[in-house]
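There are 2 protein chains.
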Amino acid sequence: MTTNTERKRPGRPPGQSDTRDRILASARELFARNGIDKTSIRAIAADAGVDPALVHHYFGTKTQLFAAAIHIPIDPMDVIGPLREVPIEQLGHTLPSILLSLWDSEMGKGLIATIRSILAGNDVSLLRSFLQEIIAVEVGSRVDDPPGSGRIRIQFVASQLVGVVMARYILELDPFKSLPIEHIAETIAPNLQRYLTGDLPFDIA
Amino acid sequence: MTTNTERKRPGRPPGQSDTRDRILASARELFARNGIDKTSIRAIAADAGVDPALVHHYFGTKTQLFAAAIHIPIDPMDVIGPLREVPIEQLGHTLPSILLSLWDSEMGKGLIATIRSILAGNDVSLLRSFLQEIIAVEVGSRVDDPPGSGRIRIQFVASQLVGVVMARYILELDPFKSLPIEHIAETIAPNLQRYLTGDLPFDIA
Chain Y
1 MTTNTERKRP GRPPGQSDTR DRILASAREL FARNGIDKTS IRAIAADAGV DPALVHHYFG
61 TKTQLFAAAI HIPIDPMDVI GPLREVPIEQ LGHTLPSILL SLWDSEMGKG LIATIRSILA
121 GNDVSLLRSF LQEIIAVEVG SRVDDPPGSG RIRIQFVASQ LVGVVMARYI LELDPFKSLP
181 IEHIAETIAP NLQRYLTGDL PFDIA
Chain U
1 MTTNTERKRP GRPPGQSDTR DRILASAREL FARNGIDKTS IRAIAADAGV DPALVHHYFG
61 TKTQLFAAAI HIPIDPMDVI GPLREVPIEQ LGHTLPSILL SLWDSEMGKG LIATIRSILA
121 GNDVSLLRSF LQEIIAVEVG SRVDDPPGSG RIRIQFVASQ LVGVVMARYI LELDPFKSLP
181 IEHIAETIAP NLQRYLTGDL PFDIA
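Keeping their order, the protein sequence lines are chains Y and U. Positions 1 to 205 (UniProt numbering) are the ones given, in order, by the first sequence. Positions 1 to 205 (UniProt numbering) are the ones given, in order, by the second sequence.
Just chain Y, same shape as in the assembly:
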């Protein structure tokens, strides 16, 4: 619960910043420990000692809170949501087109900085949760053919896309770092599509 006993400081609402920070700290800890799926807004609120309604009020949905917790400057669902409308035979091209446009943008700089700091901090569990839970559920469920393969298909796609982030923004390979978005999207699209809907050369255990 927020209290009315917090000392007033001029220029911002009393205690709001502390409360927000406490919620973010609880969110980071619980998301990292238990993953995104198994962490509820209610549990984060309890850990932070505030009302769940206040968490929703400050941060919105769980993925919006997740984005705020790891300093991603956008709601991941703004990108993932529209993909629901794209036919799966086009995902191999649409996915890198959307993502490269985002990563190349001003907003993308914050994203890349976040990825670097996650890698540097040795705590990759938040990034892993995001890939394994949000992306696997949103996209993996649509390409789960044969059953059980969706998760693996998505992880091969992730391996190519994470590699593009590394080559273009972190290693800054020349000329890869300055190739037009469309050149990269077109070159990797057939390969991503193979991972998504092609035959896998092994049986799913």
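Mixed in with the good hints there might be a few duds.
Pairs involving identical chains hold if they fit within one copy or between any two copies, as the list cannot separate such chains.
[To be verified] Below 25 Å or equal to it, Euclidean Cα-Cα: the simulated SDA-like pairs (lysine to any residue) are: (1) Lys177 <-> Gly60; (2) Lys177 <-> Gly150; (3) Lys177 <-> Ile36; (4) Lys38 <-> Trp103; (5) Lys109 <-> Thr19; (6) Lys38 <-> Arg20; (7) Lys109 <-> Pro180; (8) Lys109 <-> Arg194; (9) Lys62 <-> Phe202; (10) Lys38 <-> His93; (11) Lys109 <-> Asp174; (12) Lys62 <-> Glu172; (13) Lys38 <-> Pro175; (14) Lys177 <-> Arg151; (15) Lys177 <-> Leu54; (16) Lys177 <-> Ala53; (17) Lys177 <-> Val137.
It should be emphasised that the hints constitute simulated quantities derived from the structure, not laboratory data. Fair warning: this is a prediction, and the values are worked out from it, not measured in the lab.
Place chain U on chain Y using the hints.
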């Protein structure tokens, strides 16, 4: 030049460790600043104040010195050399097979640790030099069709392979982290082969 005035310590040759460290420090600095190609053993020796013959004596070839400088526990040419014998139509499969076996080995742990520390340290120029100069020259020159495309082909291959390292060893995606080597090699092989010898969907500038 080494001198004979260094103080004797019991149990190891006088000054050898200091000299080796000085050579490695000079190597790291010059490789990072100027790249591998433009850095000579002679320049490193001069920077460290020793005779070039001593650098060769301690570290062998330039790629062996490079490996020592960035704490890679093997000579990169031990992996890259044998690839020269592999027909380019088979590289898409041979490349990930060899590399995954290496990365999965005991020795690979040191390699992955090195990559993590390079990423954490924000100084990726040594890793970039290695990919751009050693790999581009050794492998890229064989797939330079049309002329000028070899470097870009190799960078797309690198983007997929670096992504595999990230997904398997750093993000440790489940089940990707425990898939048999051959499953990963077979799944990415046709895609790597496309990057190496397939048509690129854009003109080389």
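These are the hints, each one checked on the structure:
| no. | hint | in the structure |
| --- | --- | --- |
| 1 | Lys177 <-> Gly60 | neither (35 Å within a copy, 33 Å between copies) |
| 2 | Lys177 <-> Gly150 | between (30 Å within a copy, 16 Å between copies) |
| 3 | Lys177 <-> Ile36 | between (32 Å within a copy, 20 Å between copies) |
| 4 | Lys38 <-> Trp103 | neither (29 Å within a copy, 32 Å between copies) |
| 5 | Lys109 <-> Thr19 | neither (28 Å within a copy, 42 Å between copies) |
| 6 | Lys38 <-> Arg20 | within (21 Å within a copy, 52 Å between copies) |
| 7 | Lys109 <-> Pro180 | within (17 Å within a copy, 35 Å between copies) |
| 8 | Lys109 <-> Arg194 | neither (30 Å within a copy, 30 Å between copies) |
| 9 | Lys62 <-> Phe202 | neither (36 Å within a copy, 41 Å between copies) |
| 10 | Lys38 <-> His93 | neither (32 Å within a copy, 39 Å between copies) |
| 11 | Lys109 <-> Asp174 | within (19 Å within a copy, 28 Å between copies) |
| 12 | Lys62 <-> Glu172 | between (33 Å within a copy, 24 Å between copies) |
| 13 | Lys38 <-> Pro175 | between (42 Å within a copy, 19 Å between copies) |
| 14 | Lys177 <-> Arg151 | between (29 Å within a copy, 13 Å between copies) |
| 15 | Lys177 <-> Leu54 | neither (42 Å within a copy, 39 Å between copies) |
| 16 | Lys177 <-> Ala53 | neither (44 Å within a copy, 38 Å between copies) |
| 17 | Lys177 <-> Val137 | between (31 Å within a copy, 19 Å between copies) |
In terms of the numbered hints stated before, the structure departs from hints 1, 4, 5, 8, 9, 10, 15 and 16, listed from lowest to highest.
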